[in-house]
Amino acid sequence: VRHSEKVKEDLANLHPYGDWVNTEALHIEAPFDDQADHRFNADALSRVFAYTAEELRLVIAPMAEGRDPLGSMGDDTGLAVLAEKPRRLSRYFHQMFAQVTNPPMDPIREHLVMSLRIQLGRRGPLLEDVPSQAHLIELSSPILSDAELESVVRSGDPRFFSHWIPVTWPADSGPEGMEQRLDEICSEAAQAVKLGATILILSDRETSAGDCPIPILLAVGAVHHHLIDEGVRGAVSLVVVSGEPRDAHDVATLIGFGASAVNPYLAIDQVIRLVASGQVDVDAVTAQENYRAALESGILKIMSKMGICTLSAYRGSELFEAIGISEKLCRRAFRNAPRRLRGIGMSDVAERALTRHGDYVDGEAESGGFYKHRRGEDLHITGPKVVLDLQKSVRSGDSDAWERYLETINDRPPAVVRDLLTFVSREPVPVEEVESAEYIMRRFTTAAMSLGALSQEAHEALATAMNMVGGHSNSGEGGEDPSRFGSPRNSAIKQVASGRFG
Numbered sequence: 118v119r120h121s122e123k124v125k126e127d128l129a130n131l132h133p134y135g136d137w138v139n140t141e142a143l144h145i146e147a148p149f150d151d152q153a154d155h156r157f158n159a160d161a162l163s164r165v166f167a168y169t170a171e172e173l174r175l176v177i178a179p180m181a182e183g184r185d186p187l188g189s190m191g192d193d194t195g196l197a198v199l200a201e202k203p204r205r206l207s208r209y210f211h212q213m214f215a216q217v218t219n220p221p222m223d224p225i226r227e228h229l230v231m232s233l234r235i236q237l238g239r240r241g242p243l244l245e246d247v248p249s250q251a252h253l254i255e256l257s258s259p260i261l262s263d264a265e266l267e268s269v270v271r272s273g274d275p276r277f278f279s280h281w282i283p284v285t286w287p288a289d290s291g292p293e294g295m296e297q298r299l300d301e302i303c304s305e306a307a308q309a310v311k312l313g314a315t316i317l318i319l320s321d322r323e324t325s326a327g328d329c330p331i332p333i334l335l336a337v338g339a340v341h342h343h344l345i346d347e348g349v350r351g352a353v354s355l356v357v358v359s360g361e362p363r364d365a366h367d368v369a370t371l372i373g374f375g376a377s378a379v380n381p382y383l384a385i386d387q388v389i390r391l392v393a394s395g396q397v398d399v400d401a402v403t404a405q406e407n408y409r410a411a412l413e414s415g416i417l418k419i420m421s422k423m424g425i426c427t428l429s430a431y432r433g434s435e436l437f438e439a440i441g442i443s444e445k446l447c448r449r450a451f452r453n454a455p456r457r458l459r460g461i462g463m464s465d466v467a468e469r470a471l472t473r474h475g476d477y478v479d480g481e482a483e484s485g486g487f488y489k490h491r492r493g494e495d496l497h498i499t500g501p502k503v504v505l506d507l508q509k510s511v512r513s514g515d516s517d518a519w520e521r522y523l524e525t526i527n528d529r530p531p532a533v534v535r536d537l538l539t540f541v542s543r544e545p546v547p548v549e550e551v552e553s554a555e556y557i558m559r560r561f562t563t564a565a566m567s568l569g570a571l572s573q574e575a576h577e578a579l580a581t582a583m584n585m586v587g588g589h590s591n592s593g594e595g596g597e598d599p600s601r602f603g604s605p606r607n608s609a610i611k612q613v614a615s616g617r618f619g
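First residue of the sequence shown: 118, per our numbering; consecutive thereafter.
No lab work stands behind these hints: they were computed from the structure. This list has only true hints and no planted wrong ones.
Below, computed lysine-lysine pairings styled on DSS-like, alpha-carbon distance capped at 27 angstroms: (1) 502 with 202; (2) 489 with 509; (3) 445 with 202; (4) 489 with 202; (5) 489 with 502; (6) 418 with 489.
Because the structure is a prediction, the values reported are computed rather than measured.
Based on the provided sequences and hints, a complete structural model is requested.
This is the structure we're talking about:
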C-alpha cells in the first residue's frame, strides 16, 4: 500500500522542478511611470473607442483611487444587440456562472488559492519532463504596464521572439476591407509562429485618421481559433495592446477568448490625465497601480463565479454566452460560446467600427448615459417617465393612469428578449370552459428569496399578498420567524436549506 503523501513526494522528487523554474523562467515586473504616452493621439482615440465623461467619472476614476466602482443592482439598459447606440463587442457577451446557493469560489476569503500569474512563450511537449518546459516569461499579472510590455518585446532572449501585428484596416476600403484584413492578420500570425515567434502582439495603437481599428475581441478570437486550426496554438502566446478595454469585463472577455496578457494603454493614459486634472486624489504611479489592482480584483470575481482558481485555466475557456451574434461570426471567432439569439454579423461590426472611426478627426467627446439616465443617450427601461407613471397609477388607483403606464412600457423600443415575443392567436375557448380566477391563482407562486435577501417588510408583504389571492409564497432557504406561522404572514412553502451556507 502506498500512501498519498509518499506518492506525491516521489513524484515531486523525480526532477529538480524548483531549480528549473528558478533558472529557466524569466520574471518580468516593471513599475508604472508618471509620463503620458505620446505615441498616439489620446483625444482622437478616446472618441474612436467611445470613452465618455460618465465612464471616466463613475468607473475609471474610482478604480484609480483604489475603490470598486459602485452602482445599483440590475442593468436596465437592455441588450447590446437591441441598443440604438453602438456598444463595444464585449458587451454582446454575458459572463457564465455556476448557479448554486454559495459561490463556487470566494475571491476574498479564498484568495490564497487563486492566482493571476501567467506565463508567455512556447509550451513544450506535454508528456516529457524537461528543463525547457519552464523556459517561459512569467508575469505576476495579466495587466501589463507600458514598461512591462517593452520588456516582453525586448527581452533579449532569442527563445522569446515576439511578432507585432497591427489590427487596423484602411478605412477607405469600407466594411468589406475589415474581413479581408482579418484574413491577412490570421495568416500572418500563423506564418510568424511557423518561423519561430513565441509571442504574438495584437495592437490597435496604430489607429490613425486613415486606419480604423478592428474590434480587438474579434481579432483575438479569430487569431486564437485560426492558430488552433493550424495546429500551432500551443507554440505561442497572445498579448493584446489595445485602447478599447477599460473594465474587468473587457479584459475577462479577451482572456476568455485566448489572450494571455493585456496592455490597456488608453485607459492607463486616461488615469494619468485624471490625476493631472485633479479628479483623482493620488499621484500618477499610485493611481495606475490602483487601476491595475481594481482590474485584477474584478477578474478574480469573474473567475470565481465558475469556480476557476487560476488565470491559466480561465484563458481560452470561452465561458461567455453570445447574445446577438450571428452564427457565421461565432464560427469565425467565438466557436465555443453558447449562442441562442442571432444578431450582428461581420459587416455590421465593420460598419459600427467605421462609424466610431469617423470621430477621429473632428468628433466630439460624449457625455454618456449608460450608467445613469440622460436625455438623448442610452435607453433605460426604468427611466424617470416609467417610474413616475407607475407611482401615479399605484398611488391614485386610477385606471386611466394605469393605462398610461402600460402605454409608456409598451411603446418603448425593444430592449430585452421578451420585447420581441408575440402571442400566437387561436380559436377562442368558450367562457364556460375557462377556469375560474380562484382556481388559476392557486398555481401562483413567488420566487424563493430568503429573509435577508429581502427586507422583513418585503418578505412578509409577499407572503400576505399570496395568501390573499390563494397562491403560495416561498420562505427561501433562510426560513422565517415562527411568530408568522398560522398568520396571514405565513409562507405556504417552507424551503429546507442545503447546508452549503458559509
